[in-house]
Structures are given as structure tokens and as C-alpha cells.
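Chemist: Work the whole structure out from these sequences, hints included.
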Amino acid sequence: MNKILLVIQREYLTRIQKKSFWIASLLGPILITAIYAVPIWLATQDKEVKRIEVVDESGLFQTADLVDKEVEFKLVNKPVADLKANFAKEGYTALVHLPKDILSNGKDLKIYSEKNLSLSLKSSIERVIEKKVRAVLMKEAGIASEVYEKTQVDVGSETVTVSEKGDETSSSSGGAMILAGVMGLLLYITLLLYGSQVMNGVIEEKSSRIIEVIISSIKPYQLMLGKILGVGMVGLTQFLLWIVLTIGLSQVASKFYQTSPIQQKMEQVKKADPKVAKELNDASPMAEVTKVIESTNIPLVVGGFLFYFLFGYLLYSSLFAAIGSAVESATEAQQFTFIVMLPIIAAFMMAQFTMQDPDSTMAFWASMIPFTSPINMMVRLPYGVPAWELATSMTLLVLGFLACSWISARIYRIGILMYGKKVTVKEMAKWLFYKG
Amino acid sequence: MILSIQNVVKRYAEHTALAGVSLEIPKGQIFGLLGPNGAGKTSLIRIINQITAPDEGQVIFDGELLQPKHVELIGYLPEERGLYKKMKVGEQLMYLAQLKGLSRTEAQNRLKDWFIRLDIKDWWNKPVDDLSKGMQQKTQFIATVVHEPKLLILDEPFSGFDPINANMLKEEILGLKERGTTILFSTHRMESVEELCDSIALINHSQVVLTGEKEEVRNRYKKDEYAIKFSGALSDTAAFQVVSVDDSGNSAIIKLTQADGTNKAIAALIKQVDLLEFKELIPSFNDIFIQVVEETK
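As they're listed, the protein sequences go chains A and B.
The opening position of the first sequence corresponds to residue 1 in this note's numbering, with each subsequent residue numbered one higher.
The opening position of the second sequence corresponds to residue 1 in this note's numbering, with each subsequent residue numbered one higher.
Take the hints with a grain of salt, since some may be wrong.
[To be verified] Under the rule of at most 20 Å between Cα atoms (straight-line distance), these lysine to aspartate or glutamate pairs were calculated in the EDC-like manner:
1) A:Lys-426 / B:Glu-14
2) B:Lys-133 / A:Glu-204
3) A:Lys-435 / B:Glu-72
4) B:Lys-86 / A:Glu-328
5) A:Lys-3 / B:Glu-72
6) A:Lys-421 / B:Asp-55
7) B:Lys-88 / A:Glu-204
[What the hints assert, rightly or not] Some residues of chain A that are not near chain B, with every Cβ distance over 10 Å (derived):
8) Ala-88
9) Lys-115
10) Leu-119
11) Leu-192
12) Thr-395
13) Tyr-419
14) Ala-429
These aren't lab readings, by the way, just hints derived from the structure by calculation.
Think of the CB as a built atom: it goes at the ideal place given N, C-alpha and C, for glycine as much as any other residue.
Modeler: Put into C-alpha cells, the structure is as follows:
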């Protein structure tokens, strides 16, 4: 036991002392943060308040009609031809020309700008003008504007899951799907990443010929187990770093977001009108996240993730170790790694369907079979899974791991001493039955 | 006996590596395990190291049936030996020493002594990748002996050593023997056998074909032949036969008809010729090796 600890220690320390470990640990969170922070940042950059000059030949518009939260309008009474030459130099993004017959011919509205207008700015301008034109037309037709307001309905639904006991929880199918997808992907990547790290470690020991010295001190299965656990701990350390760093970076990123002009303006609007404030809060991404967190059984999902990562990793990495022991170089290993990678890839592909329909027959079986269950059960978990199914899946996974590690250890103890021979799968199968 | 190997059989899928091998290795000796490639030496060494288990037979280590705790009393330098390339020399030796059951502080103290002794103090923090081959061999040797094993197994230890390092290794081996370590020395370099070994065993085709103390084996294989230098005419007598005479006609090889008949032979010789030199021809281990391997084909 003491010797397994020594192996774990060596595997762990040599790996976390590598530069590549720290690069991956830092790059991961930066990438994750960038994936959602950059679009938000770009969006806020774009949404600084735009100034627009308006020439109104119809005489319908007053300054009070031209209000929008992202655009600042200025009515000007000058010939369009003069303004066209100068609006850009004076700091205006665009010049809007409202023709005399705007009521009968809305399509004659012209917007001049130096660069192509963004779609959102164009629709902001059109919305403001449309609103006024509609109001005038309704008044002419004798419809009160209150009638119009009342006919504007917004249908929204809240999904609620009812458990067998009748407990109701507000669920968020969108949120569950995102959570499921993220965890499935994370398991997929880590199974492949750390599994192949174990394999490469075994190949390194074999090709550098240190192996014979080591196994004259400890049993092969102790070495294999120590290596698998050591690399697994590196994996957990990396997870931890990723989580901590991602949260830290997100905090910094959201500070930026809060100090952006658009956010400040939104805060002002919220203060002025509590009703608007509620609507804005409900629509913000933070609200969705909060809703997911509220509707998910966090301890179950986190516990499940750790369990399925641990046993999925143990199962696959023992198979990767067996492959590493049978070959002499990484290139030679490729033909065999495919055999082990196939079920991981299949599991990930099945997970796409499981996510669409977590209660289908395929999803059920995919989350029971030990080779596909880590990814697929993790995808189902946020949607809610009956306890007996979860227990069965976990039991099967542990049994699957025990079977795989038995097979792998048998192959491993023979493989590490085999040199100068191209090994076939058939031969590896024979090794299972060799004595001592 | 430090090691008693009794009727050990090891079979692989396609061949039998050891077909009932029995050997007695006395304490405190340098014991040469000889044999051509593929004879079964490595299979036997792996069994002693408990890397593999015998299919039949048993191994007794220092009076006890060989068991896992004994790995800490055995040091093994395999023929194909390597190191973790990315690890530092000191860290690596600490790891290997602790795997052999030394505590951290014990390992550290002993390694420091070895580093001073072999004059490699400044290597501790060097990555193995930066070491020359000779330096790596010194490192491997330290790893093999740092836990002060009772039995040291060296598989072709001199292969790849330059003369200076080979000499250093030879002296260390002799020093260990003096301090009571038994050394099992597998090789097919006969000059190191002549120089170092006290006893030998020759394995061929999965079986022990010859074993015994060095001098005793040599005596067993001497043919009662003597090289002589003389002047005069030489011919067979009742005491000896002439095997060959060289071109000069002044030196020849004779074979005694009786094993202890040197006095008779000399008496017969001086009647015929003026005898200048009379010397027993002792077979080299090279000759014995080739002869026995040929015979047991």
C-alpha cells in the first residue's frame, strides 16, 4: 500500500511540475470566459449611445416622439443636401430623412450613413418612427391608443416538474439542457485526455526500459493502479483549478460588463421604472443561471459528476494502460486506441440524442451500459432520473470497472515485458489466461 | 546458501524457458550465470526477482520460501536498463530507493554518501536527459545497490561501459563482495568470469549443463595436455603422446597417458630431448563454454 502511494506521488508530482499542465490549467478558464465574455463585450461596445440627425419634412414629429434607449435623436431643420455632407463630421452616426408623405408611403424613409448601419440600429430607428406613424394613423382611424396597448399580449410559459410525491419545482428545460451538454462534453474530453495520459505514461516506462527495475520492486498491478490514481488526481486538480479560475475570471469580466455605458444606462432606467426593471431582470442571462441553479439538485449533480468521472475514468484508463503495455511506441498504439476510443465517441454521440429526449429507450440503455453510462447518465441527471435507475447504473459501472481492470491487469503484467514483437488483439486475449 | 533454486520450470506459449533448473548459490560469492542468448538466463533472473512466477518448483531465499518481502533484500540491474528521462537524478534515485523499502531520510543519507563516493555531488538536480551514457550507468548502479541488498543480480553489467567506468564497476563489485553481498552475475563475457567469479553455472537449452567452483570446473575440463619447449627429436612414449609439434620443431603439445603422470612424463622426455619448458595447458572458460555448448546442442 505504501508503495502504491509512492507511485501515486511520483505520477502526480512529475505531472503537475510540467509547464504544459499549468498552461492547460490557465488556458482552459481563459477560453471558457472568452467564449461568453467576448460576445457580451463586443455587444456592449457596439451599443454605446448613437447620435442621429433627423430631418422631418412631414412635420409630424416632435422631439418627444423620438426616444429610444440606445439612440439619441436630434431634429434639425435644414435642407437634406447640406446635412448629408456634414453629419458624419459633426459626430452623428446617421442622418434620417422623413419624406412629406411618410404616412401614405412609409417605404420612402431614407437613412444616410457613412458606414453600413448595424441591423439593430436600423430597427431601432424604424421602430421609433413606426410607433409615431402608427399612432397618427390610428388616431385618424378613430382607434384609441389604449385599445392597441391592450391587444399587445406576450405569451410566456413556466415549466414545472411534479415529482411522484407531488412536490413541485420550477424547472428550466433550457437550463437543464445547457448543464447536461456542458457536463457530457467535460466528461468526454477528460476521459480521452487523461486516459491517453495513462497510456503514454505506460509506454514511456516501457520504451525507456525503466519498467523492469520498477517491477522488481513492486507488483505490476500496484504500478498500474498507482499510475491510474496519480493521473486521476492530476485530473481532479485541473478541474479544481478550472472551476476556481473560471469563477475568478468571470467576476473580473462581469465587473467590466457592469461599468460599460449601456449597463449604466440600463441601471438608470431600472431605477426610474420598477416594472421595466423586473422585465429586464427576467430577461438577463444571470436570471436564467439563477433559475437553473434553483431548479437543479446541485449536490446530486456534483456528486454524480464526481462519481461518473471517477469510475468512468478508472474503467477507461485501465484499458488505456493495457494498450500502452502491449506496444512500444505511441504510433504503434494508435490502431488499438481506436478500439477504446470508439465507445467513448459513441457514448458522446448517443448523448446528443439523450439530451433531446432523456427518457427514451436508447437514453435508458445508454445510461446503463458501463462504457456509455458515464457520459449519458450525466446528461440525463439534470432532467431528473428515478433513483433505481441511478443506483443500477452506478452498480453496473463499478462492476464494469472491476471487470475491465482485471482484464487490463492481466494484459499489463505480460505486455510490459514483451519487446520486439508486434502484438495482435488475439494475442492479448491469450495473455489473459497466462499464469503468474 | 543464499539462494536455492529447486526444479524450476517455466513454460511460455510456444516454448519452455526453464526445464527443471536446480542451482545452489553460496553466500558471499560472486556467482557467474553463463549461457548463450536465449538459454533461459533472463527467465531465471525474473523468477528470482519475482517478476514472474515459476510454473513448477520453488526458490528458497536465505532459508525461506521466496516471497514479496524479499524484494527489499535483492538488488537488480537488468540488461535492458533505463531511467525516467524527465526526472532529476536525485528525485529518481529517491523514488527507486523508497520503492525498495528505504525511508525518506534513510534514502537521502545513503544516496548522499554514494554521490560523494562516486564523485557526482553536483548531479542531484540534473535531469537524466542531460546525462551521458556513462553517467546514466553510474546512476543505475547506485539505484541497484542503495538499499544494501543481500543478493545483487547483475545482468550483463559491463555492456556499454567504457574501460574507466567498467573498472570502477569492477572495484565496486569486489568491494560489495568483501562486505558480504552475494552477487549473481549473468554474462557471456568470459574474461570477466575468469576475473571475478568464484563459482559458475552454465545454462543451455533451458537446463543447467555445468556448475561448480571456478577452479574445480577448470580442472574437470583440463585434458592432461602440456606445452613443452625442447631441442632434439620427440616421439610418443608410454607416458605421453605427442599431440602436435609446431613448424620450428622446438615446441609441442603432449598428452599424458596417466592423469598424475607428470613425473613419469618428464622422466621420459629428458631421455629423448633437452627439455627447456614444461607447462600445463589449462582450458580457458571461453574454451569450456564453447565445448559444453557444442556438446549439449
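Chemist: Broken hints, numbered, in rising order?
Modeler: Hint check: 3, 6 and 13 fail, others pass.
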